[in-house]
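With the hints as extra help, turn the sequences into a complete structure.
The numbering used here applies: residue 1 is where the sequence shown begins, and numbers increase by one.
Under the rule of at most 25 Å between Cα atoms (straight-line distance), these lysine-lysine pairs were calculated in the DSS-like manner: (1) K200 x K4; (2) K194 x K15; (3) K15 x K4; (4) K4 x K17; (5) K252 x K17; (6) K17 x K200; (7) K252 x K15; (8) K44 x K15.
For the record, the hints were derived by calculation from the structure and aren't laboratory data.
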Amino acid sequence: MQTKTLTPYLQQYLKDKGKLFIPYIMAGANGLERLPQEIEELAKSGACAIELGIPFSDPVADGPVIQQAGLDALCQGVTLKKIIRLLQTMSSDIPLILMGYANSFFHYGLEQLTDDLRTTAVKGLIIPDLPYEHQELVAPFLASSDLSLIQLVTLTSSRERIAQLTTAGEGFVYAVTVNGTTGLGKTYSTSLNKHLAAIKEISPIPVLAGFGISSTEDVHRFTSVCDGVIVGSKIVSLLSSEGTQAAGQFIKQATESL
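Right, dumping it as structure tokens:
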């Protein structure tokens, strides 16, 4: 089994530079040819890694902003195969993480996927509709690769479940901050900080909070109790409406005091 590099990279980043900020972007929403520029700008602005969304026709975990971005990408003919083909031709100074639904990866073929990603900067997969109990459908294909299978911990996860997920987790733990879908302007539970602190206490790998984080205040709140944040809808919205530099500026402002 190959040693995965995403966890030690993030742990070293925490030691050297402080908290972790991972932006999510929908691959190809603004034209696939623009993806390398988006990755370069966000990396330069303070992202420690970038989560690349794979457009899908039935994105059950996504809110309206990311759903629309996925539709925009699909309307332009963006596919997982085209995304990977592009990633094979480009370099990235930071790790990339593919976030997609199980059907996309199974349809591509998991053995083919791991082979095709071997020469890219992709170091992790997030599959939100793959339950922990079914990870054996994917994990054996990743065992000899440098692809970490990232686990999601929800607000309803018991302490025992959290221990199970964090022990099995690779790369980092994705701590979901709301029940439901992603999106802007979410209302957070009053007990959320306590929940995140409990995950952080148990987890042997970095813990990042995600879903609904859309302001510098949100970023500072969650990085006070865990290792970092994942910001999706806010970044996707800025990329679509104001462009790459605006998204980069948000990351700079959000991370400069962490």
